[in-house]
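Peer 1: Respectively, the protein sequence lines represent chains A and B. Using the numbering used here, you'd call the opening residue of the first sequence number 1 and step up by one each time. Using the numbering used here, you'd call the opening residue of the second sequence number 1001 and step up by one each time.
I should point out that these hints are in silico values taken from the structure, not numbers from a laboratory. For each residue, glycine too, the CB sits at the ideal point set by N, CA and C. What you were told as hints is all true, and nothing was included just to trick you.
With a straight-line Cα cutoff of 30 Å, these simulated DSSO-like cross-link-like pairs (lysine-lysine) come out:
| hint | chain 1 | residue 1 | chain 2 | residue 2 |
| --- | --- | --- | --- | --- |
| 1 | B | K1052 | A | K54 |
| 2 | B | K1077 | B | K1052 |
| 3 | A | K54 | B | K1043 |
| 4 | B | K1076 | B | K1065 |
| 5 | B | K1065 | B | K1052 |
| 6 | B | K1043 | A | K96 |
| 7 | A | K96 | B | K1058 |
| 8 | A | K96 | B | K1052 |
| 9 | B | K1065 | A | K96 |
| 10 | B | K1077 | A | K96 |
| 11 | B | K1076 | B | K1052 |
| 12 | A | K54 | B | K1065 |
| 13 | B | K1043 | A | K78 |
| 14 | B | K1043 | A | K107 |
Okay, the calculated bits of chain B under chain A, using three or more residues with CB under 8 Å as the criterion:
| hint | stretch |
| --- | --- |
| 15 | 1046–1059 |
| 16 | 1105–1116 |
Sample of chain B residues at the chain A side, in silico, Cβ under 10 Å:
| hint | residue |
| --- | --- |
| 17 | G1035 |
| 18 | V1037 |
| 19 | Q1039 |
| 20 | K1043 |
| 21 | D1062 |
| 22 | V1093 |
| 23 | Y1095 |
| 24 | V1097 |
| 25 | P1099 |
| 26 | N1100 |
| 27 | F1101 |
| 28 | G1102 |
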Amino acid sequence: DVVMTQSPLSLPVTLGQPASISCTSSQSLVYSGNTYLNWFQQRPGQSPRRLIYKLSNRDSGVPDRFSGSGSGTDFTLKISRVEAEDVGVYYCMQDKDWPHTFGQGTKLEI
Amino acid sequence: EVQLVESGGGLVQPGGSLRLSCAASEFTFSDYWMGWVRQAPGKGLEWVANIKQDGSEKQYVDSVKGRFTISRDNAKKSLYLQMNSLRAEDTAVYYCVRPNFGSWWFDPRGQGTLVTVSS
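Build the full structure now, drawing on both the sequences and the hints.
Peer 2: Right under this line is the structure:
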C-alpha cells in the first residue's frame, strides 16, 4: 500500500500568518501526466471537504489563500493567511493506487 | 447540486450485520464509480470499498475483504454496503463518495452514517 506521511501532526498558527503542511508518499503519485494527490479539510463536527485535487487544482468555492504544490512524492498545502474558519484537520490522500490512502491528518489550531 | 445521503447505520452486536445505503441526486449516477470511506471516532479516514459504474469491478481494503460487499442499483441511484461479521473495529462514521474532476470527493453537506459495533 502507498503510505502517506504528514507533518506536522499539530500546527499552532497565528491569525493572518501563513501555514504549511507537508505530505510525503512512499511511491510516486504521477500517472499519465497527472499527480493523484488531493487535500481535504475537516472542520470540527463536519464531513471532510475537498480543497485541492490532482496536486494543485482548487475546488470551487475554496478561497485562493489555499494552494497545493509538489512533485513525485513530496507535497505541500499552503495557507497564505490563516483565518479563524480554517481551524480543523487537514488530510492528504492519494488515489493513484488501490487502496487509496490518507495521511494521518494535521490538526490546525489558532 | 450534487447530493449524497447516507443511511442505515446503528448499533449492532459483534458478529452481526448491517446494510448501509447512499441515495444520490442531481447527477447521472450510472456514469460514476462510487465508494465508501469510514472514520472511526476521533481517528483518521480509511477507504473501505469502490465499485465501477456497472458494478462489474469492485475493490475492497484488506480489513473488510470477505465480510463487506459493495453494490449499487443504478435505476434507484443508490449505493449500498452490506456489512457482515462486524467487529468492534468497524465502529465508524461511513461516508459515501464519488469522483469529481477525476479525483474522489465527499459531499461536504453529507453527515455520514454512524455504525457502532458493541455488545
